[in-house]
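*Asks:* Dock chain B against chain A, hints included.
Protein chains: 2
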Amino acid sequence: MSNQLFENIKALHLVPLLNQGVFGIEKEGQRVTESGTLSQQPHPRQLGSRTFHPYITTDFAEMQTELVTDTFDQTSDVHQQLLALEQVLQASMETSEYIWPLSMPPILPADEQAIPISAYSVDVKDYRDYLTQRYGRRLQMVSGVHYNFSLSPTLLVRLFDEHYHNDFVNLKDFSDALYMHIAQNYIRYHYVLTYLFGASPIAETGFLADMQQLPEHPVRSLRASEWFGYRNKQLSIQFDSVAHYVDSMHQAITKGSLISEREYYGAVRLRSHSLDEMLSTGVDYLEFRGFDINPYTETGIDQQQLDFLHLFFTYLLSLPQLAGDLPAQINTGNQLNNAIALEDPTQPSQFQAQLKTFMADLAQFMTDYQLDARFKQAWAAMNTRVQDYQQTLSYQLVSEIKDGSLTTFAMKQARQFKRQLTEKPFQLQGYTDMELSTQMVMFDAFQKGLHVAVLDRSDQFIELTHQQHHELVKNGNMTSLDRLISWPLVDNKVVTKIVLANQGIRVPAGAEYTDLAVAKRDYQAAFGQRAIVIKPKTSNMGAGITTFLTRPSEIDFVTAFKLAQQYDQQVLVEEYIAGSEYRFLVMDHQVQAVLERVPANVVGDGHATITQLVAKKNRNELRGEDHRTPLQNIRLGAREQLILKQQGYQIDDVPMRGSQVFLLQNSNISNGGDSVDVTDEIDQSYFAIAEKVAAILNLSVAGIDIIIPNLYQSYDVKHPEMAVVLEANYNPAMLMHLFPMMGKQRRVTIKMLAMLFPELEIETNS
Amino acid sequence: MSNQLFENIKALHLVPLLNQGVFGIEKEGQRVTESGTLSQQPHPRQLGSRTFHPYITTDFAEMQTELVTDTFDQTSDVHQQLLALEQVLQASMETSEYIWPLSMPPILPADEQAIPISAYSVDVKDYRDYLTQRYGRRLQMVSGVHYNFSLSPTLLVRLFDEHYHNDFVNLKDFSDALYMHIAQNYIRYHYVLTYLFGASPIAETGFLADMQQLPEHPVRSLRASEWFGYRNKQLSIQFDSVAHYVDSMHQAITKGSLISEREYYGAVRLRSHSLDEMLSTGVDYLEFRGFDINPYTETGIDQQQLDFLHLFFTYLLSLPQLAGDLPAQINTGNQLNNAIALEDPTQPSQFQAQLKTFMADLAQFMTDYQLDARFKQAWAAMNTRVQDYQQTLSYQLVSEIKDGSLTTFAMKQARQFKRQLTEKPFQLQGYTDMELSTQMVMFDAFQKGLHVAVLDRSDQFIELTHQQHHELVKNGNMTSLDRLISWPLVDNKVVTKIVLANQGIRVPAGAEYTDLAVAKRDYQAAFGQRAIVIKPKTSNMGAGITTFLTRPSEIDFVTAFKLAQQYDQQVLVEEYIAGSEYRFLVMDHQVQAVLERVPANVVGDGHATITQLVAKKNRNELRGEDHRTPLQNIRLGAREQLILKQQGYQIDDVPMRGSQVFLLQNSNISNGGDSVDVTDEIDQSYFAIAEKVAAILNLSVAGIDIIIPNLYQSYDVKHPEMAVVLEANYNPAMLMHLFPMMGKQRRVTIKMLAMLFPELEIETNS
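Heads up: the sequence lines are chains A and B, in that order.
Read in order, the letters of the first sequence are residues 1 to 766 in the UniProt record's numbering.
Read in order, the letters of the second sequence are residues 1 to 766 in the UniProt record's numbering.
Just chain A, same shape as in the assembly (with noise of 0.2 Å):
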């Protein structure tokens, strides 16, 4: 069928459908202490409770973790979440945690019992226990990456529909055969894979207690080879029919081979809902199990592999049937794997003949199928190993080794991956390109093991589910929290005026104008000698805006609107506030967090000048461009040039020690604003303002910005003055309460996700 099946693929125009595919997987790896040792930690608290997680647990032992990712139909999307799950996981250890890079465990504890076994349920405990006395605690601390695939659901439909209906009963035993020869195949030729990945050349001393002896020089994969004693003995699955397959494993398991087919370790298994489904839904996916951690990757697996190996099942899928005796061709399989594993890795392997050509090969079903770039790009990276040795990750490893360890290596490994995985607590690696807040609600997500789906990336929709609760968040907080009424609510800042002044809270007073000779026939009878702010009505960082502290003059007031007209038509004239401006976080009826925000600033030391201290100032990490971080950073243009002016300086002078240098008048924190947290300071008095003003506004996650002429004073009904609601928002972006300048960090996302699964019963104070 084979090569007639490509010539098929390429009739029908579905070759495009090569390059998708489902893709899944799991990758283990133990915790451990800064020396290198297990750690005697529990499974982190802040991970929620593995009973449900559907992304972070543990394997066999407690400090063993396991990361398990969705299916995606690319095998960037895996890598992706890979990626975050591996830097969710590391930032919520204690700090003095590690993951240890490699498959074969660190120096494990003279004594076998002292290995603590991951216990959270009854029956997990129960298979733990079971392992434990087959196998023992200490092959079981193996760690690897499982790689699980489908084809294409829209190939096989496609493919039967079109062609092979007539050939097969059904779509079921069409797509059943199509794996089972990928499987066949796969265990003929995953030598290959052993080769370019094998990444266990040695085990740490005390590994093997009481087995037999090692090999006598490093290896290419320990954990490959038929020498490593985590095998099933005696085990004869077949692999001639799904049928044969299932039965196989039935009468394994009756037999007391094997407790389930979770047991079964082989190169490849099929996978159904369960065993006893497989025949008649017939065969979901294929799990490859036998890929040793990368040590020189945070993820244990990379891009170019994930490419790689899809585009080896899909070369499989093209190779003919098995010729002969099928048991005899699977034998010759795995010999081959077991001696290509136990080679010498300092050494070129014996079948580097056959390597090459298996690569020549597959370089041509590439270009006979023209498939995408990135399968070139991932065989060509592959292809250095197999045209030199050393290229292989085995072979540098080799070098690593110190005193019969790889301890020390792997530790440098350690905390250089912990290290970039959490040196930016403000992204969530593989989301970078998102925005930040939705990639906290996401870090906070996998965290507590809600499951997250990335709906729409450049959209920022995610859908967040546990169990059959399902719940979707936009731009970080635009939730089924509110209600939709708020949207346009909040935006007509004259209507939320109106709502809030009807239920008595204060408010600039003002209205908004298209018409000047309008606007300057009533603002003098509306404000007298009050100060008064003329804006354009949607303002854009605090472009446009005039500041009057008294009355203007007539032709003061035409220049200040004119100016604002041409930003937008409607211009607001309302009375000037003064006072510092404070952004309350409110969620679910009560204050969250309080932020005082400053405009753009620098306090002189003395010596610097304006530029300097700028510059001083911008070097926080916390500080960037174009929103990638919580703050962003000061500029020196036309604005702020204009505002040093007015206030007697220039750029290159130099301030008093101490004095501080305001260089925008307006407190966005996009416009390089400071933030303070002052939730502990404020006087409590202003909380219950905000959250009336929330309440008015019928908002469950909402941002008030007030003006607070003196924080610390009590608030006083008969002076309302004292608390001025300037406006409310209904995505209030919670990353400035993450990550302030200064002051209490608040991990305000986490109440949110409290607040959606109510059922979770998650932590909120943190």
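Incorrect hints may appear among the rest.
Claimed, not checked - Subject to a maximum C-alpha distance of 30 Å in a straight line, what follows is the list of computed DSSO-like cross-link-like pairs (lysine-lysine): (1) B:Lys10 to A:Lys562; (2) B:Lys744 to B:Lys692; (3) B:Lys520 to A:Lys10; (4) A:Lys376 to B:Lys520.
Quick caveat, the hints were computed from the structure, so don't treat them as lab data.
*Replies:* Frame of chain A; chain B shown alone:
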């Protein structure tokens, strides 16, 4: 104080505030039969409960309706609301009922016991019984217009703060002084208004029963004269100060001359929250009660009258304090008024010289203070009545008297007004500039007794209130019933499809592209031979859409893709779904209405050309332009002619009798499509699908578009193609269900109010 007052107003730039004030109207009117006798129908059931209705209630008799407006700071706003209330009232009455357009009642029953008093509560009944006892039922049947007025609060505050704070103890005293000044001068000069507005020249036969005789000739205003028995006798209410006013009112009540303040029928009342509070809180507003119903306008008082009265009140403030003895001056004023009221309107007034002088002084006042043009227009209109007595309302009415009765004239006016108010049921008079759906929600809210506030007219933002329960509504149905996330969710068609498909809803397969090469590669792989549609992601009324019923050639695909990209860089390539399109309106988890939408079409009659058939179809009063009607006109532009051409037609062709000719492919009502209510016809099995979609998307008010090949065939879960969901809307047009081209009208706006205000228990089965 007065002239100096206006000089201060000028100096403080407060003249613009003279154009503002606070205004409210109450207007009574008798429900009558076709023949002009009192209606015996109870107060219309559709108008909800009089126990809380803020706008439409009854006065003395059951058929004596009373409209009460809110207060507004512009007279035009009052007039608009009054017009809307009049429409709602008249549309809620029986078909055979009308509103009597005169102050003097229609012919009353011989036995006054046959006049049913309005007694919807115990309090109301007790007071009506008292009035019956004291005045008899006949007199209580006289109706009129009351006008409530306050000065601009800003004007009062600014004047007090910036000039008069040394002359008065507090703002209240200053304000009270101004109101007393207006009240005194009003009594002195209100004869001018009686001349201008008087419109009760005669009473119908039998009005008097056993009372005194009518004047021998018609008069300007029976109702404003002392002849009119509905007056407080021997009552001496003091107008020299608020304290004396309150004191004299209390004395009258103590003596039994009045049962309460509301029985006081003077030309002007001082009003506060209550008589008792007036001393401490001051006068809130003045109530002017003397205005006859103007039978030449639906609202009983027109915009020019409202403006003239505002001018009149303002002018009174500028007049000097009345010289000499105040009671004498008041007496003079009342006598002048009585004299002019009882003049024969077919003759010039004996006071014409005084009237002319008054009007000339008023003109000078307007010039001195540069008042708004609307005042000048109102003045000019009234001045013609002063210059020519034949222009007065009373003169004109006299000319309509036939056989001593105005019944024929009154019923002619009543019928005309009812027709004007109800001929366009898809509009709410006074608010016709707003979106139709908002007009309908406001209509229903006015009808059911919800308080309605227009917060932002051009933004279609209204607030509905019942007691302390506020609800905001934008665009007719964006409310607190729905979730914030639904907006971006439903706007993102790709995400909507993902979410629906995840829950097993059948949606059109397809994907979004910007790159033609990728699209070209993909569509062949994904769709094979299936029909496809290529369209811009944001499709604007069908432009740029190409449908292929079989797989297109590569050239045709490229052409269609490029056409779509002329409208949006993002292009959707989707499978084409055949069948008719249905809009399911789901509210509160249940389908409320189902509409079949048919693209613009005409059906041949064998005689008329397509142009003629279109013109004929467009004559339907539901059709119009620019969304000012529920259905839109069919056009015959380039697009329509192209579609005709594809069917082998030109616009001058005469289609065969019975043949349906389509002018467009897409079924948008806004493109001239037909709408047919099929709620009762469509197989009910489809309801569950629409309800499930609304539930998945968490929408309380949802419009779900579903393609269904055969509406009569029961949905079969094994054939999901029987109902393919095209899209959902969070803000579905409700109007098309209220006014379909064919089929039953569904008043779904009422359903929304019932959902927003469950406590009202509004009946929704219309």
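*Asks:* Could you tell me which of the numbered hints above are not met by this structure, giving the numbers in increasing order?
*Replies:* none
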